[in-house]
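S.K.: Using the sequences and the hints, build the whole thing.
Quick mapping for you: the protein sequence lines, in order, are chains A and B.
The first sequence begins at 1 in the working numbering and counts up by one.
The second sequence begins at 1 in the working numbering and counts up by one.
Rather than coming from a laboratory, the hints here were simulated on the basis of the structure.
Treat the numbers as computed from the prediction; the structure is a model and nothing was measured.
Don't take each hint at face value.
Identical chains share a label here; the pair holds if one copy fits it or two copies do between them.
Claimed, not checked - Taking lysine-lysine pairs in the DSS-like style, the calculated list, with each CA pair at most 25 Å apart, reads:
#, residue 1, residue 2
1, K185, K280
2, K280, K310
3, K348, K310
4, K180, K256
5, K346, K311
6, K35, K214
Protein chains: 2
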Amino acid sequence: MAIHAVIMAGGRGERLWPFSKPDRPKQLHAFGTGKSLIRSTYERLAGMTDSSRIYVVTGEDIAAGIREHLPELPAENILLEPVGRNTAPCIAYAALHISRKDPDGVMAVFPADHLVGKPERFHEAIGFGIGCLARRPGLLITLGLVPDHPETGYGYIAPGEALEGAGGLELRRVLAFREKPDGEKAREYIAQGCLWNAGMFIWRVGAILEAFRKHLPVMYGQAMAMVSGGEITPGGVSAFYSAVEPVSIDYGIMEKASDAGVIPAEFGWDDIGSWDALGKALPSDEAGNTCRGEVVVEDSRGNVVWATGKKIALIGVNDLVVVEGEDAILVCPRNRSQDVGRLAKKLK
Amino acid sequence: MAIHAVIMAGGRGERLWPFSKPDRPKQLHAFGTGKSLIRSTYERLAGMTDSSRIYVVTGEDIAAGIREHLPELPAENILLEPVGRNTAPCIAYAALHISRKDPDGVMAVFPADHLVGKPERFHEAIGFGIGCLARRPGLLITLGLVPDHPETGYGYIAPGEALEGAGGLELRRVLAFREKPDGEKAREYIAQGCLWNAGMFIWRVGAILEAFRKHLPVMYGQAMAMVSGGEITPGGVSAFYSAVEPVSIDYGIMEKASDAGVIPAEFGWDDIGSWDALGKALPSDEAGNTCRGEVVVEDSRGNVVWATGKKIALIGVNDLVVVEGEDAILVCPRNRSQDVGRLAKKLK
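M.R.: Laid out in C-alpha cells, this is it:
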C-alpha cells in the first residue's frame, strides 16, 4: 500500500502581501526559516515516500518557481491547474491521476504553505492514519490540530467517539465541520474540544473517488471525462477546469461523508496565514519584535518588521506590521493583518 | 544703502531623515512644494536685492548641490565653511566678507530651510526693518514670528516697548531671548505675547561687526585674522574655523546686545523642522493624511506618508510618519518626530 502525497500549492498568499506576490507567492518564500515553505513541505513528505509519488498541484504562473525549488521532483508530478477552482476539483484531479498509476494506493493531501515545528510528530500522525486505513479502507481521515488559542482564521472540527488508538494517537469520528467562527464562537469551540481544520487529509484513492461519485456526482463525471484513451489529456484538464464548479473538499465531501475520521494531532503546526501569525511563529527579541533584514528598533514593542532591501527604522511604535516588498511597503496594526489580502486583491 | 542677503545653508536637516541625507540635506529638497527650499529662499531674496548681493554660507559637501539649484548665483558668493561651528562664526565670516565690499551695507540673514507662505508680507517686514535701520543704525533687528501654537521646538523672544511703527508693522525692543521651552512654558510664553525666534536678522554690517568686537572679542579677533593683504584668504578661513568656538548668534550676541529690536511678523512661516511640521505645513486629504508619491490609505487618519519609489499602503493606522528614503524606511508616531534627528545621527 504505497503512499502518494499531494501538495496543494495553488494559493496566492495575498494576506502576506507585499512580500508574497502573484508570481512569487507565499509557498516560495522561506520567511526566515532557511527553506521555502514548499521545499520544507516536500522534504517532510520525502521522509515518508519516494519522490516519484509526491505530486504538486499548482497554477502555471507558479510552476516555474516550484520546479526551481523542487528540482528532484519528476516533471510529470507537477499537475497544472489552468485556473484555481478551490480544493475539491484539485483533489479530484490528483486522485484521478494517482488512481491511473496505483488504484489501491493511499493518498495524503497537504497544503504547501505551513510550518511544522515537530516533523517526527507529523510523521507519526500520518503513519497512524495509514494504519487506520488498513483496517477501515473506506474511511476519509483528516488531521485536526489541537488549538492553542481561539483563532478566528481557521475552520474547526468537532470530534466524536474514539474509533481506535495507538502510541498516544487516536482516531475519532467527525461529528461536524465548523466554518471560521467569530471570537466568542471560537472560545466555545475550544471549550468543546474542537480541533483546527488544517486541510490535511489521508484516504485510499479509491475511497475518495467513490466519495466524489456519491457526494459530487456532477464533478465526478466531469473529472472522469479528463481521461481519453486511458490517459488524462491536457485538453481533458482544460475542459474540466472550465466546466467545474469551485467547491471546497470540506463542504463538497467531508461534511457529507458518513465515514469521516479525525486524528487529533500536535506537531508545531502554523499556517502563517498572516503577518501576525508569522510574528507568532518565528522567534522574537526581548521586546517581542520579530524582525528580518536590516531593522533598527527604538522604544518599540511587539512589531513584525520585514526589511528586504532598505533599512527599516521604528521609533516608539507597538504591535505594527511593517513590511518592505519589492514594489511596496505595508504598514498596519498586527490585528488588522487579516485585511491585507483584501487590499492586495484590490491593488492587483 | 544696499541690502546684502545671507542664506545660512549649512544645516543637515537630520530630523527629516531618511529623506534628508548628509550630502542631500533638507534645503535641497522641495517637499512637494515644486521648488527646493534653498531655491525658494533664493528667489524670495532675489525679489529684494541683486543676485550679486546674495550669499550662501554652507559646507563643502553640500556646495555642489547648492550651485546646481542656484546656477545664477556668482561662484564667489558661496562662502564655504570647512566645518559647521554654529551661527555666530558663520555670521562673522559673512559679515566680514560683505564689509570688504560694502562697509555701509545692510546685512540680512536667513536660514535656508523654511517655507514662507506669504512672500509679500515677508518683503514688507524686511523693508520695514531696513527703514528702521536708517533711523537707528546701531540696532540689531530680529524678526519674531507670531505663534499659532505652543511649539516646543523653537526658541521664543519676549518683546518690550514699541520703538516705532508703520503700515501695520512695529519695531519693539527685545526684553529677552528664551530657550526652547517645555509644553507648559510654551503656553506661558504665548500668553505673555512672546514670539518665535526664526533665526532671521537685519542689521548694518558695521553694527554687527561692532557687536562681535564688544560681545565676542576673541571670535572677533579670530575673524579679523582671516584677512591678509586686504583679502579674506582660504588659509585664513581654515584657521578661523579650526580655532573658533561654536556659539550661536542668539547666545553670543543678541542676548547681550543693549540695542536689539524685534519686528513681530506673520508671513505663513514654517520651518518644517520635522515630519510632523511638514504634515502641518502641506495640504492634507479629508482624513488629515499628508501624502506624497504612490500612497494607498485605508481606514487611516492624520498620517504623514512620503513614498519615493515603492508604493506605501497603510491600513488602520493613525498619526504616524511613514517615510521611504533612498536607503531606509522610517516609521514613528508624529509626536516622536523630534527623535528622528537623534536616530539619524546614531545611524550615521
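S.K.: None of the hints should be skipped; say for each whether it holds.
M.R.: Consistency of the hints with the structure:
In this homomeric assembly, K185 and K280 come within 25 Å of each other (Cα to Cα) only inside a single copy, at 22 Å, whereas the closest approach across copies is 45 Å. For a Cα distance limit of 25 Å, the shortest separation of K280 from K310 inside one copy, 24 Å, qualifies, whereas the shortest one across copies, 27 Å, does not. With identical chains, the CA atoms of K348 and K310 are at most 25 Å apart both within one copy (23 Å) and between copies (15 Å). When the C-alpha separation of K180 and K256 is checked against a cutoff of 25 Å, the pair qualifies only within one copy, where the shortest distance is 18 Å, while the shortest distance between copies is 73 Å.
Within a single copy, K346 and K311 get their C-alpha atoms only as close as 27 Å, which misses the 25 Å cut-off; across copies the closest is 14 Å, which meets it. Taking identical chains as interchangeable, the C-alpha atoms of K35 and K214 are never at most 25 Å apart, the minima being 40 Å within one chain and 72 Å between chains.
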